[in-house]
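Protein chains: 2
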Amino acid sequence: MKPMITAFADSPDKGEGHARDMRVRWALEEVGQPYDVRLRSMKELKEPEHLALNPFGSIPTYEEGSLSLFESGSIVLHIAGSNPGLLPIEPDSRARAITWMFAALNTVEPPIVEREAFMLLENDTNWFDERMPILEGNVRKRLAELSASLGESDWLDGEFTAGDLLMVTVLRRLEASNIPEGPNILEEYPNLSAYVARGKSRPAFERAFADQLAVFSGGR
Amino acid sequence: MKPMITAFADSPDKGEGHARDMRVRWALEEVGQPYDVRLRSMKELKEPEHLALNPFGSIPTYEEGSLSLFESGSIVLHIAGSNPGLLPIEPDSRARAITWMFAALNTVEPPIVEREAFMLLENDTNWFDERMPILEGNVRKRLAELSASLGESDWLDGEFTAGDLLMVTVLRRLEASNIPEGPNILEEYPNLSAYVARGKSRPAFERAFADQLAVFSGGR
Numbered sequence: 079m080k081p082m083i084t085a086f087a088d089s090p091d092k093g094e095g096h097a098r099d100m101r102v103r104w105a106l107e108e109v110g111q112p113y114d115v116r117l118r119s120m121k122e123l124k125e126p127e128h129l130a131l132n133p134f135g136s137i138p139t140y141e142e143g144s145l146s147l148f149e150s151g152s153i154v155l156h157i158a159g160s161n162p163g164l165l166p167i168e169p170d171s172r173a174r175a176i177t178w179m180f181a182a183l184n185t186v187e188p189p190i191v192e193r194e195a196f197m198l199l200e201n202d203t204n205w206f207d208e209r210m211p212i213l214e215g216n217v218r219k220r221l222a223e224l225s226a227s228l229g230e231s232d233w234l235d236g237e238f239t240a241g242d243l244l245m246v247t248v249l250r251r252l253e254a255s256n257i258p259e260g261p262n263i264l265e266e267y268p269n270l271s272a273y274v275a276r277g278k279s280r281p282a283f284e285r286a287f288a289d290q291l292a293v294f295s296g297g298r
Numbered sequence: 079m080k081p082m083i084t085a086f087a088d089s090p091d092k093g094e095g096h097a098r099d100m101r102v103r104w105a106l107e108e109v110g111q112p113y114d115v116r117l118r119s120m121k122e123l124k125e126p127e128h129l130a131l132n133p134f135g136s137i138p139t140y141e142e143g144s145l146s147l148f149e150s151g152s153i154v155l156h157i158a159g160s161n162p163g164l165l166p167i168e169p170d171s172r173a174r175a176i177t178w179m180f181a182a183l184n185t186v187e188p189p190i191v192e193r194e195a196f197m198l199l200e201n202d203t204n205w206f207d208e209r210m211p212i213l214e215g216n217v218r219k220r221l222a223e224l225s226a227s228l229g230e231s232d233w234l235d236g237e238f239t240a241g242d243l244l245m246v247t248v249l250r251r252l253e254a255s256n257i258p259e260g261p262n263i264l265e266e267y268p269n270l271s272a273y274v275a276r277g278k279s280r281p282a283f284e285r286a287f288a289d290q291l292a293v294f295s296g297g298r
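The listed protein sequences correspond, in order, to chains S and A.
For the first sequence, the residue numbers in this note's numbering are 79 to 298.
For the second sequence, the residue numbers in this note's numbering are 79 to 298.
Among the hints, a few may not be true.
Copies of the same chain look alike in the list, so a pair counts if it works inside one copy or between any two.
[What the hints assert, rightly or not] Here are the simulated lysine to any residue pairs, SDA-like style, with alpha carbons at most 20 Å apart:
no.	residue 1	residue 2
1	K219	E192
2	K219	A195
3	K219	G135
4	K124	K219
5	K219	E194
6	K219	E127
7	K124	R220
8	K124	R218
Hint data in this document are derived by calculation from the structure and do not stem from the laboratory.
All of these numbers come straight from a predicted model, not from anything done at the bench.
Using the sequences provided together with the hints, build the complete structure.
Right, here's the structure in full:
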């Protein structure tokens, strides 16, 4: 039986793949697991049927037999834990890969999302110019630390893992074209830019990207 | 062999237990695992010895034999996965408990931390009064959704799990006395207030709290 995920019926980023179903699609493609997609309008997300799947009214959700999950990080961890390919077998390496999953979502993503939301929602305020450097500084702090840790390695800790998968999706938010202004901070860290490009060139990423784009293009 | 964690030598919250070592201490107490603590000054956190344990220069870290982890969520998950008591055995329930761990850290915590940082760092700006309601609104949105999901239950999904442990630590940040002004938003949701109180009354929480307070009081 194929798992069922939910995704936005109307992609807010016009198919750039920054919605969080992209992470789950990518993970499913990496492990070779076919899946079905149920599209939800913004209105449907706040209705009881969807809130029963995700009390925070967002996507993605994941249904597989009797199991129902939300939170993209948790869904990716479930997929990675149930299939070979996204987590090392050796226990220490496996625990470290999971550490990078949490680092992506709890340490690196929050300042990136805070800056993005500020640029989208407060770009016409009279405090925009003064606050923006603070938020850029918060992002740069984390990117500098991450860049130093990655060094010249291809991936964060040995082979590609679910930690890299989440980190790449978090970092590529900095490339979103819906951000009205501001520098491309990612380009200031060439090894991180190359890291994101490396992730995006994986065939599983490309398949997942094409599938989410097809929703926006009306092909699905 | 006892695991070793790191914690702040100088508690920024004067022993109120909002630093993220509290989560790890609580988890270790819940499973009955004794541990050692290495205290780090703010300066030491940015030195190579500590950055080798955590590239983001923060606490807590966790060392156990050959294993070295960072990120409080990952450490709690490792403890919960290696010992009985913090995750259900039944696979679906276990995956749902892990979903709540990610929900605590990736959906509920970010707006709470963003509001807290704003109150601490920007309370003397001329945009403070205008922005504050936006950030309070973001917190209330998540608390309202969480409150509706919890309902009259004691815990988020059946028995107490690592998901509850993290959620309680996230919510009790709203009680921090170092926030210079503003309403206690948590009290607006009586079932969430009772939920946090329920977590704090667990003997394992009380032991962990006393141990981190002893650091501030000079007793450790």
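Within a copy, between copies, both or neither: where do K124 and R218 come within 20 Å Cα-Cα? between (35 Å within a copy, 16 Å between copies)
Should K124 paired with K219 be assigned to within, between, both, or neither, using CA atoms and 20 Å as the limit? Cα proximity of K124 and K219: across copies only (12 Å, versus 36 Å in one copy).
My question is about K219 and G135: at a cut-off of 20 Å on alpha-carbon distance, are they close within one copy, between copies, both, or neither? between (31 Å within a copy, 11 Å between copies)
Taking 20 Å as the upper bound on the Cα-Cα distance, should K219 and A195 be classified as within, between, both, or neither? both (18 Å within a copy, 16 Å between copies)
Please sort K124 with R220 into within, between, both or neither, judging by C-alpha distance up to 20 Å. between (33 Å within a copy, 13 Å between copies)
What label fits K219 with E192 when the C-alpha limit is 20 Å: within, between, both, or neither? Both, since 14 Å and 16 Å are each at most 20 Å.
Between the shortest in-copy and the shortest cross-copy C-alpha distance, which are at most 20 Å for K219 and E127: within, between, both, or neither? Answer is between: at 19 Å across copies they meet the 20 Å cutoff, but 41 Å inside does not.
Up to 20 Å between alpha-carbons, please classify K219 paired with E194: within, between, both or neither. Result: close both inside a copy and across copies, 16 Å intra and 19 Å inter.
The earlier numbered hints are all upheld by this structure, with none contradicted.
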